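> In order, the protein sequences belong to chains X and H.
First residue of the first sequence? That's 609 in the numbering used here, and the numbers climb one at a time after it.
First residue of the second sequence? That's 120 in the numbering used here, and the numbers climb one at a time after it.
Read the hints as simulated data drawn from the structure, not as lab findings.
There's no promise every hint is true.
[To be verified] In silico BS3-like links for lysine-lysine, alpha-carbon gap of 30 Å or less:
1) LYS668(X) x LYS421(H)
2) LYS927(X) x LYS894(X)
3) LYS201(H) x LYS668(X)
4) LYS854(X) x LYS894(X)
5) LYS927(X) x LYS201(H)
Being a predicted model, the structure only gives us computed values, none of them experimental.
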Amino acid sequence: MPYIAATESDRAAMLERIGAASVEELFDDVPARVRFPSLDLPPPLSELEAMREVEALAAKNLSASSSAWFLGAGAYYRFIPAVVPALATRAEFLTSYTPYQPEVSQGTLQAIFEYQSMAAALLGVDVVNASHYDGATALAEALLMAYNAAGAAGGRPRALLCADLHPECKAVVRSYLSAFPIEVEELALGPEEAALKADQSTFCVVAPYPGFSGELGDLAAAAEAAHAAGALLVVHADPIMCGLLKSPGELGADIVAAEGQSLGSPLSFGGPYLGMLGARSALVRKMPGRLVGQARDGAGRRGFVLTLTAREQHIRREKAVSNICSNQGLAMLQACVYLAAMGEAGMRAVARLSYDKAHYAASLIAGIPGYSVATGSFFDEFTVRTPVGAEALAAGLCRRGIVPGLPLSRYYPERDRELLVCVTEMCTRPQIEELARALGEAAA
Amino acid sequence: MNLVEEPLLFELSSPGRTCVSLPEGDVPPAPLPAGLERGSIGLPEVDELSLVRHFTRLSQKNFCIDTEFYPLGSCTMKYNPKVNEQAAALSGWRNAHPLAGEEFSQGALELICSLQAMLCEIGGFAAGSLQPAAGAQGELAGALVIRAYHDSRGDGRRRVVLVPDSAHGTNPATCTMAGFQARTIPSDAEGGVDLGALASALDDTIAGLMITNPNTLGLFDRNIEEIARRVHEAGGLVYGDGANLNALAGVLRPAEVGIDVMHYNLHKTFSTPHGGGGPGGCFVGVRPDLADFLPGPIAVRKGESFGLAMPPRSIGRLKAFYGNFGILVRAYVYLRMLGSGGLRRVAETAVLNANYLKALIEGTYAVKYPRRCMHEFVAQGGLAEGVHTLDVAKRLIDYGFHPPTIYFPLIVPEALMIEPTETEAKETLDAFAAALLAIAEEARTRPELLAAAPTTTPVGRLDEVAAARSPLLCYRG
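Please construct the entire structure, taking both the sequences and the accompanying hints into account.
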């Protein structure tokens, strides 16, 4: 049988040493009435057959690599340099354990420290932790962190949420906060206008950068208004955009959450992704998740360790700041290699390509009769008003190998003539022009 | 292992170096929004060969399953088949967008649907969700389901959850996140839940009990049916923490002994490499009347095709999209290759290996509960005056073994929690036991070897206290 080394003679020798007559006897504590059930599972396959079956299933999905791809909305089809999978899938990273034993985990620990350092630089904050499940859960934990820092003790129960956050982020925030005495108020306002509503009952204002619609908003003004009311500014940011435009930290955010999938992780039907969470250093002891710090051994050699663990569940149990136990180790490592491979110039270039191509696409689409661009200032994603139902329009184009974006009716049924279009470095000028042509034909 | 100090990326950086070549711009440049253009980011700049050597050298500073034995209690560090990685890396998955729409995602939805069905069958659950991203999030899902169940019955005063003192730290931490108060229940002399303490804790404020069975002592709680009966009688629900499912899959369906809600860690039992800390994957299964509360969306069969649906009274979303899909592919392939017979063989061998290892060392290392164990057992490393579990753990490194889980569970002093898993050969177990026995001898004759360990690693024991006192969490020039 695969993956098990024990032979019949091994089993016999081991049972003899244990002093048991049979393997079944080892399970005597399990109630006999229900022991060894017959499970109705499909019959086992060989490796060859299993791969064939999975290949057939995988082939039934529409692949971003075989289409002109303009769909983003929180999951991005981006270029991944070959060094990223080549290094991140090394068995010494892939099959190692959580670095609780630092002497045999310096590879993982130093990589986390380097990720923390590069991610903090990118987001413009003092500290970034070793990661969360995804951007949405990082945002939910950011709110809990803000609540623990500024809400729970200070008699401030309210969080103000910009409505233009990703709908799935908002849903996750609501699930995570459902058991806490926190009032979440959603405001259909830009970041600055929302922050102006903050008062002494508000512990934080939560703003997207950019919004789900693509709109950029004035983060600096939002920070000023939130701080004037004594509230923290929590931002959900796009890390690729931070290669070109000012980081949320530079603009005054106190806590920054981000979806890091764009940094070297494939689409993979929604996961595993990378939850990035960073903050000003004053808030670090309220931060959830793993943190790696620099240390010295007895001989004075530099090394790295998991640190400030008194925040975490395995030490603090019910008093921990979160129940999170794992981090997205491999996705984080992919982001680490990605950021190092791109470097200063690469990050700027990939963001610039996306920005220019998106603005070129928007200018073409705005010129098609019946269409208009609803987003004012944006990075690489913008909302288009369509003259016909966007869902049917998108489905029609998908079948022709052009995936034009996300029909917003998926999340907001009443917004049935809006399409969220994303243009990254993967899109070529001919593809953009083909999209514009196809949209024109679909409306005609 | 690579013992040479590796510089940080920042120390290898030289302005102007890069690894990537991107296409030239093929559209006119657009003006940037006023005042928002970013200056320098502060990222390192390295060439590709330096980058490759850097991360390769770093990787050589790790122990890993592919080179060392990890007898880590409650972590199930089994060998993970390479075919899983190949399957998860297929282009049809890597390039599948979560919002492509049901019509264009049939393969992914079919896989999720089939996996849900197999996992329900294994545990005896009526329904399940693959939304949670990892075990701790599965616990949160389960706890929120329990809360929603009581609230739906107008029974919102039930806000206390009982947690045995042997539980993982995530259990009480999860209770707090779900708005419950965690109350600790002591273990009895057999290592199980103390029935007397349970009886006196049960009242109409009890939302439920979180139980790990086999527990973190590696012991199957023989009273499980009685425990569940009493919690149910008091109006509570029983939550099963599936961290130790590797001992039970194919042996017992937890739902058949009264578990109402349970999470399984897909990355442990159903085989995903640990990745130095994650990502994980998780399934949460429930009895029929709790199905409507599950986190969603979940995959459903719609006639001849597959789609997504939100359970009608769902606790909501716990992450964006549909779970850690890449991990689901691995679990699917693993289960398709094992089938029901293979699954039982896994549990049997895991338990056989643990009992064998226990038999080899228990004459030398104390084992607090001298019963047959399941997939793991807890020994004690306080071998002599001044010799502690930490010293045994660090000395094992010099013998080429990853240490067991140490100082957990909290109820056993000097705990060494050992889980060999089913994939290790008898020869490996023999060698590991021989190392433990040799270390016990050293503890008597040359204790300085233990105190100085490890000496075969890139760094020795690090000063964690100093590191936490003035934390340096980022490179600072």
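> Can you give the numbers of the hints that this structure goes against, from lowest to highest?
5
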